Amino acid sequence: MKQLGNHKAAREVTTVIIGAGHAGLAMSHCLTQRSIDHVVLERGEVANSWRHERWDSLRLLTPNWQSQLPGHQYDGMDPNGFMSMSQVVDFISDYAGTSSAAIYTHTSVTAVYPRDNGYSVATNRGEWHCQTLVIASGAFNTPVVPAVNAALPPEIQTLTPNQYRNPQQLADGGVLVVGAAASGLQIADEIQRSGRPVTLAVGEHVRMPRSYRGRDILWWMALTGLLDERFDEVDDIKRARRVSSSQLVGTSEGVTLDLNTLTDRGVKLVGRLAGVHNNTAQFSGSLANNAKLADLKVGRLLGGIDEWINDNGWSGDVEAPDRPAPTRLDTSPTLEMKLASGEIKTVLWATGFRPDYSWLKVPVLDRKGMLCHDGGVVSAPGMYVMGLPFLRRRKSSFIYGATDDARDLSDHLVGYVNESYRSRLVAMG
Amino acid sequence: MNMQANMSPYTKIVNNGVNVDALLDARAALTEAPEAAQFEWRATCEWINGTHSHSEVEQFFGLGEGQSHKRCFKFDADHPEIFASEDNGATPVEYVLVGLASCLTAGVASVAQHRNIQLNSVRATITGDMDIQGILGVDSDVRNGFQGITVIFEIDADASPEDIEAVVAQSQKRSAVYDLITNPTHVTVETRR
Chain G
4 MKQLGNHKAA REVTTVIIGA GHAGLAMSHC LTQRSIDHVV LERGEVANSW RHERWDSLRL
64 LTPNWQSQLP GHQYDGMDPN GFMSMSQVVD FISDYAGTSS AAIYTHTSVT AVYPRDNGYS
124 VATNRGEWHC QTLVIASGAF NTPVVPAVNA ALPPEIQTLT PNQYRNPQQL ADGGVLVVGA
184 AASGLQIADE IQRSGRPVTL AVGEHVRMPR SYRGRDILWW MALTGLLDER FDEVDDIKRA
244 RRVSSSQLVG TSEGVTLDLN TLTDRGVKLV GRLAGVHNNT AQFSGSLANN AKLADLKVGR
304 LLGGIDEWIN DNGWSGDVEA PDRPAPTRLD TSPTLEMKLA SGEIKTVLWA TGFRPDYSWL
364 KVPVLDRKGM LCHDGGVVSA PGMYVMGLPF LRRRKSSFIY GATDDARDLS DHLVGYVNES
424 YRSRLVAMG
Chain C
889 MNMQANMSPY TKIVNNGVNV DALLDARAAL TEAPEAAQFE WRATCEWING THSHSEVEQF
949 FGLGEGQSHK RCFKFDADHP EIFASEDNGA TPVEYVLVGL ASCLTAGVAS VAQHRNIQLN
1009 SVRATITGDM DIQGILGVDS DVRNGFQGIT VIFEIDADAS PEDIEAVVAQ SQKRSAVYDL
1069 ITNPTHVTVE TRR
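These protein sequences, in sequence, are chains G and C. The first sequence lines up with residues 4 to 432 when you count with our numbering. The second sequence lines up with residues 889 to 1081 when you count with our numbering.
FYI, nobody ran anything at the bench for these hints, they're computed from the structure. Owing to the predicted nature of the structure, the values given are computational and were not obtained by experimental measurement. Where hints are given, some of them may not hold.
[Claimed, not checked] In silico PhoX-like pairs for lysine-lysine, Cα to Cα no more than 20 Å straight-line: (1) Lys-271(G) to Lys-348(G); (2) Lys-295(G) to Lys-958(C); (3) Lys-300(G) to Lys-241(G); (4) Lys-241(G) to Lys-1061(C); (5) Lys-371(G) to Lys-241(G); (6) Lys-371(G) to Lys-271(G); (7) Lys-1061(C) to Lys-300(G); (8) Lys-271(G) to Lys-295(G).
Kindly produce the complete structure, drawing on both the sequences and the hints.
What follows is the structure, encoded as structure tokens:
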């Protein structure tokens, strides 16, 4: 890893990769193989978000056998286990250690501007000029906190998942967890078990059992081709990219964590947080339909796996279908909750994250501030993005998805570099 | 994700009378021009006598300009005789039920068309439970509005029970009236002389 002082003159390189997480390093590996000179710029340390922006008990949602990157894969004794954050950091750091590329840590990109035939990348440690740029700075930079946060009584502590470490951090007393994707469910479960009564506000969500018919659900989804489904094959890619993370948890026991599990533990389920008015939280009456939509959707997923098993004559070789029970709900879930009565001490916003492109001074963002890209090929010449949900395939949301994405996009990048070299030669006559 | 083997749109022609292509075109166009998506719906209501009122709906605003229905629609509202009224029309809360049922039913037809499901018949029965101690001021702990609303759909369609359930669930997800009944809405009421 390089440490350097402030350079006066801009340095020239074919490609700058922003971010030394799994996605940036996978790209770096592929560019090295393709003899493209490049640097990797990292605002902190390698695998920075995994080191500093995750809660203590978090484990990967993907099993160890699925932890693989170009030229690097899990080789431990527990292929069906799930990595803790320190293991993820080791896995990615080991990968960086095998790299011959220049990785500049503690180098924050402050601005990227277009320039002739490429981009100018300004950092706290000097400037680079590059012909091509790979944005691998992550999809989860900034927690999304709904505007109603401002209407909460001031005595209530608020937290986002990147600030949350463990339940001991929280005051004794009730906790409202808002959001029922993987983070919200896992955190709600852990806090409830610490003795703090949890209310979970549930909007649209993706239900998924950890295992089905004796195998991990991601094993089935990989086998049946679902995880390889491409961005240009799905009906509505914009919607597919917005879908929240599946309700999964990685534990050594391989347990399923769903709304029924939480109900059994005593968590109170309410609808989506619709508003806060006069110190009263208002929950949507749509909980039953959101649970129904999720039940139907997981039914279609498992039905598709059953179909695959039948078509391939596996029925005798795998366990019988073990469909999850429908989501159980109160007949009339609570619609209102007083926030100033002292019952709720903490609100945890597990309402998602968004990428931060505030440094990107190139007109490539849509009106929602998201990158305009076609399978990772950004709408500005020579610019690419890695590591976003469903970037090129459903599996792009997972670490191992970076393998195929980096291969495809590095091929595209090489083609672009060669083409622009040829056209410059022609222009020079 | 949808692993379900979708019936090919080329093997049968479904007609629920919904122009899905036009709706999809509109969605694409409005994604490009979100300002045109700003609509305003309007109604006027004139007091007649007692609890009887007469409402009209004709003009609205959308796609950047004033719009008009093909004709003016008229609605009488009143209360039944057991409320010491003359029963000149449905009660306002029944209009709310009509709004929800018709919105969900329109959604069922549209979603079914989009999913290539032929509907043969759709009937929604909707009930709203109300404890009128609320509106009468007998018990301040009882709310004025419905304690709950139940919609029962009876649908005959060329599809599996799961697919029909999924159409009904999706119609709720996309319904304006379902949203405004299940979620709070700011209401501003002003008085002018």
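Is it true that the CA of Lys-241(G) sits at most 20 Å from the CA of Lys-1061(C)? 17 Å, holds
Restraint check for Lys-1061(C) with Lys-300(G), where alpha carbons must lie at most 20 Å apart: The hint holds at about 14 Å.
Does Lys-295(G) lie within 20 Å of Lys-271(G) when you go C-alpha to C-alpha? 18 Å, holds
Straight-line Cα separation of Lys-271(G) and Lys-348(G) no greater than 20 Å? 15 Å, holds
Quick one, are Lys-371(G) and Lys-271(G) close enough, alpha carbons at most 20 Å? 33 Å, violated
Assess, step by step, whether the Cα of Lys-300(G) is no farther than 20 Å from the Cα of Lys-241(G), and give holds or violated. 18 Å, holds
Run the distance test for Lys-371(G) versus Lys-241(G): straight-line Cα separation, threshold 20 Å. 12 Å, holds
Take a quick look at whether Lys-295(G) and Lys-958(C) sit within 20 Å of each other, Cα to Cα. Violated, at roughly 38 Å.
When the structure is compared with the earlier hints, violations turn up for hints 2 and 6 and for no others.
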